Structures are given as C-alpha cells and as structure tokens.
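Given chain A, put chain B in place with the hints provided.
Residue numbers (numbering that gives the first Met the number 0), protein chains in the order written: chain A, 0 to 302; chain B, 0 to 302.
Keep in mind that the hints are not guaranteed to be accurate.
Heads up, the list lumps identical chains together, so a pair's fine if it works in one copy or across two of them.
As the list claims (entries may be wrong) - Straight-line distance between alpha carbons at most 27 Å, and here's what the computed BS3-like set of lysine-lysine pairs gives:
1. K204 / K133
2. K50 / K275
3. K153 / K84
4. K275 / K154
5. K30 / K1
6. K258 / K30
7. K87 / K103
8. K53 / K275
9. K133 / K275
10. K30 / K133
Just so you know, the hints here were simulated from the structure itself, not pulled from any lab data. Computed from a prediction, not measured in an experiment: that's the story for all the values here.
Number of protein chains: 2
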Amino acid sequence: MKFEVTILGSSSATPVYNRNPTAQLLNCNEKFYLIDCGEGTQQQLIRFGFKANKIDFVFISHLHGDHYFGLIGLLSSLHLNGRIKPIKIFAPAALAEILELQFKHSETVIRYPVEFVATQTDAPAEIFENADLKVETIILNHRIPCTGFKFVQKKRLRKLIVEKLEAEEIPVDCYPLLKRGADLDLPDGRVLLNADYTTDSDRPKQYCYCSDTLFDETYFESIQGCDTLYHEATFLHEMVDRANQTHHTTALQAAEIAKMTGAAKLLIGHFSSRYKTLQPLLEEARSVFENTELAIEGNTYTI
Amino acid sequence: MKFEVTILGSSSATPVYNRNPTAQLLNCNEKFYLIDCGEGTQQQLIRFGFKANKIDFVFISHLHGDHYFGLIGLLSSLHLNGRIKPIKIFAPAALAEILELQFKHSETVIRYPVEFVATQTDAPAEIFENADLKVETIILNHRIPCTGFKFVQKKRLRKLIVEKLEAEEIPVDCYPLLKRGADLDLPDGRVLLNADYTTDSDRPKQYCYCSDTLFDETYFESIQGCDTLYHEATFLHEMVDRANQTHHTTALQAAEIAKMTGAAKLLIGHFSSRYKTLQPLLEEARSVFENTELAIEGNTYTI
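Chain A on its own, in the form it takes in the complex (with noise of 0.2 Å):
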C-alpha cells in the first residue's frame, strides 16, 4: 500500500525564489491528504502534476498565513472547476469563519460540501479514522495554538501465500476468512491452519508532522518512534536564541528530536528564506541523526 509524501512547499514564513510557504500532499493507499495549505499551493499542485480534486481531507496546523493563505483559493476553484464530493478540513475553528467571510464578499456559494472539524490544543486527540489510517494531533509549542499531525497506518490483514492456495485448490471463497487469520475446516475435511497458507502483513507505519514549535519535551511522547518525523528545522543552531525567540526549532534540535524519540528518518523543512542553500542544515542535523533528509519541493518521500 503506498504510502508517501510529496513536499509542495518547504520555506518557512516569507516565500523566496524556489521555495513556497508550507504545504504537503500525503498519499495513503491512493487517497489524498493535504497537510497545510501556504500561499501559492494550488499553483505547486498544477506544476507537480497532482490533479486538486483528488484531496479530500485537509489538515492546517495553525492560523499564520505561511501554513493557510493557499487554502480559499485552492476551495475557491475547485468550486469554479465543478467539484461536487465533499471536502473535510481539519483546523483551527477561526478558520471558517476567515473564509466564510471571503466567500461571502465574493459572492460565492459553494457547491460542494466543506465540513469543518476544529482542532483543540489541550491535549493529544484522534480526530480522524477510515479504512487506512488514524490521525491524531499533536500538541506543539508555538506562538498561537498549533496543533502537528500523526498520521497512524492502519493494520493491514494477512497476506495470502497464493501459489500454495492454488497449488492444493482452497476454493476462493475462504480467502477473506484466512486473510482475517482464520483456522478453516472444509468441507471436505481437511483442516487448514491459517499459519501455514497467510503471512503477516506490512508493519502499520506512522508518519509524524511538526510543523512549527519550540523544542519542548511535552510533545515528544506524541511523536515516539514513528517512521518518518517531519520536523521544522528553521534555524541553524548557531541561531538558537532567534528559534527560541519565535519559538521555532533548529536543525541540531530537530535532529536531538529525531534521536530521543526514536524515529527511522527525519525530514526536515521550514527553512528560514535566510538560507540559499540547505546544505549547512542538512548537515548539522546529520551530524546527530545520519537519517536526515531535507524536504524538497517536488520530491516524494516514502514512509
């Protein structure tokens, strides 16, 4: 089941020339989740190729504009474009009523379902569930309440070992019964130990993302040891009294992150416009975690 992410926007609060405001398009088993939403998103998903109409739940982190001002335009044309399905946004509660305002000066009714769920910065929630994963909050340290997101894979059910099934001639219909883990007893007498013709399947993977926040140990729990931690990494360390200042991290502590919560990789984005190139980031953080990765806009990372 695919399982990945791809980087539409990766500066943090000012655009600079190649990189746009944060946005990330998460692709679980060919469903599409848009995790924040900066100016300039909807032009980033034309340009990777990614069809807008597919997203049909979207996640906003915080109300500074780097992480939404993308979002009533990107709702705003795929009204005009003809979407009827629904559209589900997890996010702050002010936001509906900052584009229920727009909506209302334009004039504009639209056509298809927006259903709005408010995040809650209190403590740690699960605020979605479907068929293929869970996703829960988590509860960073920023300026204004901020809420990151951890998207949980759901446990699949067991592999068939086909060639066997074929081999002896189980008749299909027992399939979903051993795929559940079932033990059969056919018809026919024979026994078949689900052991012997299932595997188990793929480990349920987690992906975490921290958008904006101080380093602060109160979330740590939330993030232990996912697969792949998006960590904000905005400063180089050398800048830490600035990161601690706008309560934002560097790319030393997102790596310390990393590392004290046991996760496999760490990708990192947010990067202050400051930075022309990323290298010294990477490789600050890779001196405490060899597997980091920085997030490239285009780039599709699996998790």
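Chain B only, in chain A's frame:
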C-alpha cells in the same frame, strides 16, 4: 519619465500551468503601483526580480479571489521583512475587514501603517493624486461591485534646450523658471523668450485598467482616448453567451471597445484556463483592432 506596466498574472478565475491570477505592477517615474493581487503575486514579484517593498500603493478592483487572495500574504511578508513605511490600499471596503480578521487570528500587529481608502461604485471618482499621476475609478459591470482604474500622468515641466542655454551662458538659476514656462528679463539686460529655450514636454499618457466586466457602453466615456487600454478578454467570441452570463468580455468585444473609445494600444488578459494557447484570442482581437498585444507574464509594456 518611465511609465510602463509589467504583467504578474494573466489568468482568469483559476490558475493554470504558466498563468497566475491577475496582478500588474505599474512603474511611473520609478514609483510602483500594484494593480490587483491574485494568489502568488509575491512569488511572481520575486520571480521577475522586483522588490515588493518598493510598492507604496495598491489598487484592488473587486473582491473575487483571483484579484486579491495574494494581498494578505504580500502584506504579511512586508511586515516580516521589516517594512516601516506606510502602504495605501484602494479597494472595496470589505477588504479591510477580511485582512483584519486574518491578522487578528495570527496575532500579527503589522509594524507599518496600512491606510485603506474604500472605493465606491456609484460614479467614477478621482481617488489618488501625487506629483506624477492621478488615478480615477472606472465603473465596470461585473457580478459584484467592481472598479477599473485610470492612471493619468501629470503634465510635465517644459524641457530645457540645454546646449543653447550653456552656449549662451545663461545662469542655471534661471532653469526652474524656464521649465515652468516663464519669459525672463536678465539683470544684464538680455530678454529670454521661453519658446527659444525650451520645448514642450511629452504629452501626458493614460493607462486604463478594466479587470472584469461585461461589454457595457456606460464606462466607455471613462476610458476614452487612452494610450494603453488593458481590457479583460476572458473568452473567444464563440463563447459570448458564457461571457454575458458570467459578466465577462470576449477578445472581439475588447477589440471593439478599444476601437470605439479611440485607444492607441490594446492589451488583453484575464484568459480563461480553457485556452492552452493564446494565439486565437490575439488573432480575434487583431481582426478588429490591429495594435493589440497579449498580456504575457513577466513582460513589460511601455504605455
């Protein structure tokens, strides 16, 4: 004196690959005026090498998102990049409310003065004047209140014939009065007839900007005889019914308007996303009004 306009966006309602929503940057004597500000305008400014901080005046035609969704991001970036000088925004009144709500929820206190001037749509009005130009509104006919803008250069001072003045050793102290058209009696008894030492300045030019509108003769008087008429041309004329229904104009109609109002040059833009190539729109307009050009992003047009 420089008087030119650079196209930052030429798409209608939804962006397409290579075309962004509407925005234009007018340069009049090295002062910069932003006209509409679709999503991604700040990225376009970066892309084409303009410093956003040079913009002191913004004119927003109406509150359809493809004409203003980029403004909140631009204002935020100016704030984050340390702007302190004021900016003045001419726009429908509700825009102030929309911006304030977003600043409130991001807990942003913009550190430079933002002055709003609410445009009215009952009658054309002069809304701005400085040493270089004045600006009047054009009352367009769109689905929601919408004003175009007419930028009229001020009459410049007379041009000195410097070689002659230097050859006759006329004191430079006389130059300012000569520029203003005065004849002079010099203390040494010489009489300077202004016409002998100066020539008339260039004729003041006019740029008319008609963003979104139905073909409607009521605004033709406002745009009479302009040097460059920018007029939306969303559709080919084969879609005139759709143009009427959505209160837009066809390329053929834009050309007819240029002809009827005696424009010297026509610039067409606001192209529907259905047109991959724009040549048919250009050809249709040129069949009626030869001196037509396409508004191409990144191109600068002398007025």
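Each hint, compared with the structure:
no.	hint	in the structure
1	K204 / K133	within (11 Å within a copy, 62 Å between copies)
2	K50 / K275	between (30 Å within a copy, 17 Å between copies)
3	K153 / K84	within (24 Å within a copy, 54 Å between copies)
4	K275 / K154	neither (42 Å within a copy, 45 Å between copies)
5	K30 / K1	within (9 Å within a copy, 52 Å between copies)
6	K258 / K30	neither (30 Å within a copy, 52 Å between copies)
7	K87 / K103	both (20 Å within a copy, 24 Å between copies)
8	K53 / K275	between (33 Å within a copy, 22 Å between copies)
9	K133 / K275	neither (37 Å within a copy, 40 Å between copies)
10	K30 / K133	within (13 Å within a copy, 53 Å between copies)
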